[in-house]
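**Student:** Using the sequences plus the hints, can you model the full thing?
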Amino acid sequence: MKYVGEFRDRAVAAALAERIKQTVQRSWTIMEVCGGQTHAIVRFGLDSLLPKNLELVHGPGCPVCVTSVSLIDQAVCLGSLPGVIFCSFGDMLRVPGSRGDLFGVKAAGGDVRIIYSPLDALDLVRKNPDREVVCFAVGFETTAPAWAMAVAQAKQSGLTNFSLLIAHVLVPPAMEAILSSPKNRIQGFLAAGHVCTVMGYEEYEAIAQKFRVPIVVTGFEPLDVLEGVAMLVSQLEEGRVEVENQYVRSVSREGNREARTIVEEVFEPVSRAWRGIGEIQASGLRLKSAYSAYDAEVKFQRDLSQISVGIEDPECQSGLVLQGLLKPMDCPAFGTRCTPEQPLGAPMVSSEGACAAYYRYRSHVKCET
Amino acid sequence: MNNKPFEPTCSLPISAKNTVQLAHGGGGRLMQELVQNVFVRAFHNPLLESLHDGAIWPVEKGTLAFTTDSYVVRPLFFSGGDIGSLAVNGTINDLAMCGAKPLYLSAGFILEEGLSLEVLKRVVNSMAEAARAAGVPIVTGDTKVVDRGKGDEIFITTSGVGLVPAGVRVLPTLIQPGDAILVSGDLGSHGVAVLSVREGLTFEGDIESDSAPLHHIVADLLDSGIDMHCLRDLTRGGLASVLNELAVAAKVGMTVEESVIPVSEPVRGACELVGLDPLYVANEGRFVAMVPAPQADAALAVMRRHKAASLATHIGVVTDRDPPMVVLRTVVGTHRVLDLLSGEQLPRIC
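Chains as they are written, first to last, in the working numbering: chain P, 4 to 372; chain G, 34 to 383.
What the hints contain is simulated information worked out from the structure, not anything from laboratory work.
With the C-beta cut set under 8 Å, the calculated list includes, among others, these residues of chain P facing chain G:
1. Val7
2. Arg11
3. Arg13
4. Ala16
5. Ala17
6. Gly48
7. Ser51
8. Leu52
9. Tyr119
10. Arg363
11. Tyr364
List time: in silico SDA-like cross-link candidates among lysine to any residue, alpha-carbon distance up to 20 Å:
12. P:Lys130 x G:Gly233
13. P:Lys24 x P:Glu240
14. P:Lys330 x P:Trp31
15. P:Lys130 x G:Val230
16. P:Lys186 x P:Leu323
17. P:Lys130 x P:Gly86
18. P:Lys130 x G:Leu234
19. P:Lys109 x G:Gly184
20. P:Lys158 x P:Ala296
21. P:Lys330 x P:Ser184
22. P:Lys109 x P:Leu127
23. G:Lys183 x P:Gly112
24. G:Lys154 x G:Pro170
25. G:Lys183 x P:Ala111
26. P:Lys55 x G:Gly366
27. G:Lys183 x P:Asp114
28. P:Lys330 x G:Val370
29. P:Lys55 x P:Arg22
30. P:Lys158 x P:Arg263
31. P:Lys130 x P:Thr163
32. G:Lys177 x G:Thr101
33. P:Lys109 x G:Gly182
34. P:Lys55 x P:Val27
35. P:Lys55 x G:His368
36. P:Lys291 x P:Pro272
37. G:Lys183 x P:Arg116
38. P:Lys24 x G:Gly366
39. P:Lys109 x G:Lys183
40. G:Lys183 x P:Gly113
Quick reminder that beta carbons are idealized off the backbone N, C-alpha and C, glycines included.
**Tutor:** Written out as structure tokens, the structure reads:
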């Protein structure tokens with residue numbers, strides 16, 4: 004397939020793996036930030052092509068995984084309200100809050116719908132003028148422009164039966180939080196290619212210099228990931244600290260100006276709680292005051308104020324996994340008390356979640372033949 | 034004051050109604066009309082036309098196969114098929130996978146009050162057409178109507194009886210280490226075709242469902258003397274799920290080569306776009322066959338003579354791995370487990 008098959012070529016993959024092996028002299032620990040990269044690494048078995056002294060750590064870049072339990076509880080509350088059509092991307096439906104998940108709401112008669120694009124939600128808004136359409140706006144910088152556009156269009160068209168429950172998070176503050184931790188082990192990053200497609204990578208330059216870590220903006224196909232790793236280990240071995248761009252076919256330094264403009268018009272940064280990690284300053288987005296009529300937390304304040312603050316399952320160690328301090332398979336609950344069918348935490352749910360990726364594509368039994 | 038004269042008119046003749054009424058399932062005249070004008074007219078055959086409580090026919094000595102399946106697909110119509118043709122082909126295929134020659138089908142309908150009779154006729158005519166094309170008549174049936182809101186337009190259950198030819202045994206437990214794993218064609222068209230109509234997604238190129246009857250291909254394979262150990266159609270859960278089920282049932286391992294598994298470009302593109310793995314997407318006209326390795330090429334040649342299996346491919350091998358597990362050699366040359374799906378990739382596709 005055009006633009007896919009080319010990036011899965013077996014011979015090129017082997018050559019890149021060889022280049023990495025030749026380059027790596029010392030032991031390194033690097034993090035792929037994005038869950039899409041984790042998925043590609045495990046789906047294509049890319050880590051089995053890497054030298055033993057190069058450790059890949061899976062980052063917090065799965066928006067489903069880092070959404071806090073209290074936000075899931077709010078979603079469950081709103082989805083259960085009569086008259087509400089609650090829209091979400093499919094992965095969120097199975098994520099457990101402290102009082103069940105959205106699939107449970109649907110089974111109990113709530114009108115919960117899976118959407119594929121924020122603009123699909125606007126169609127529902129127009130077709131159901133007597134219903135309140137509430138959307139679970141989840142994602143990193145990648146999906147923020149589409150939600151911003153949906154809100155701006157709703158305002159322009161005078162649609163009032165539409166609001167967002169916003170769980171949006173930003174990548175650079177999370178990277179800074181990981182690097183600032185006294186337990187940090189990460190020596191270099193593969194930055195998330197699609198986030199940078201929107202935002203560019205100027206802001207990563209300051210992080211690289213402040214923490215003295217090399218960063219390579221990397222794509223999601225097997226050859227992208229391998230080339231990103233090759234570029235990153237070259238920097239590490241040579242002692243360079245730069246922001247390099249592997250994903251040149253999609254990413255420019257300044258990003259997508261139009262997308263950034265609409266995000267800045269509609270959203271502003273806000274402190275956000277990350278599941279398993281905790282509160283990170285200016286790591287989330289909320290609607291600016293001019294658009295607060297579309298904020299579900301404002302619109303349904305009375306309903307939401309009646310739910311108690313949810314807590315995470317104490318057995319779930321997803322916080323350690325999301326910070327790269329624990330491999331999914333080393334969690335005592337992995338594959339036993341925590342499976343994709345009965346997840347304790349979100350990383351076991353999403354296809355981009357590190358735990359689910361390991362569960363699905365790995366087994367406790369070695370599969371090399 | 035109301036000046037309208039009092040006119041106690043009779044309601045419209047019942048047969049003029051153009052939607053399904055609760056009375057269509059009530060056993061009275063309306064139901065008789067529905068049975069005669071819609072079902073018998075479309076499916077007509079001597080066994081059905083006796084309108085007895087069941088179909089009656091003499092049996093030969095031998096072995097029978099019997100199967101049943103329910104169809105709840107939404108939308109009812111999609112590119113390359115509809116719930117009617119699906120309900121006929123699906124049950125024929127289940128019989129074929131037992132090595133049986135399909136003889137007769139039954140059809141049970143659960144209709145939602147308010148369903149357009151035009152829609153019902155389209156579905157029934159499509160079933161009749163599929164049954165005629167396959168040479169497998171629908172000889173008995175049933176209709177129930179449920180209150181509006183208690184169903185979703187039409188649910189269909191078809192059952193089928195088939196005759197297993199003397200000496201034929203096609204069972205998962207016959208799978209042997211060393212067997213070749215053959216797949217009859219490109220994967221994922223049905224699931225993606227349904228998804229695209231359902232969700233209003235438009236993909237490059239028209240993706241048509243692969244829905245097709247497979248019994249002629251199986252009969253040809255049997256006639257050609259291929260010693261088929263096991264056959265299984267690749268419906269819900271797709272290739273990956275079926276291989277896992279068979280590996281467990283036969284207590285064997287399987288290794289398949291990702292790069293040779295046929296997937297059309299439009300399906301591959303659509304799957305990439307919406308985040309699906311074509312190996313888990315449903316098919317309605319594809320199957321896997323486990324055959325002794327020396328007969329693999331001969332089996333492929335027979336399969337490729339049929340349009341529905343023109344892309345038949347040898348994709349892997351049965352191993353003696355213990356515990357049973359399906360291993361995928363990925364396009365980049367690494368190995369990973371090809372596991373069962375957790376939850377559903379797509380809701381209601383068959």
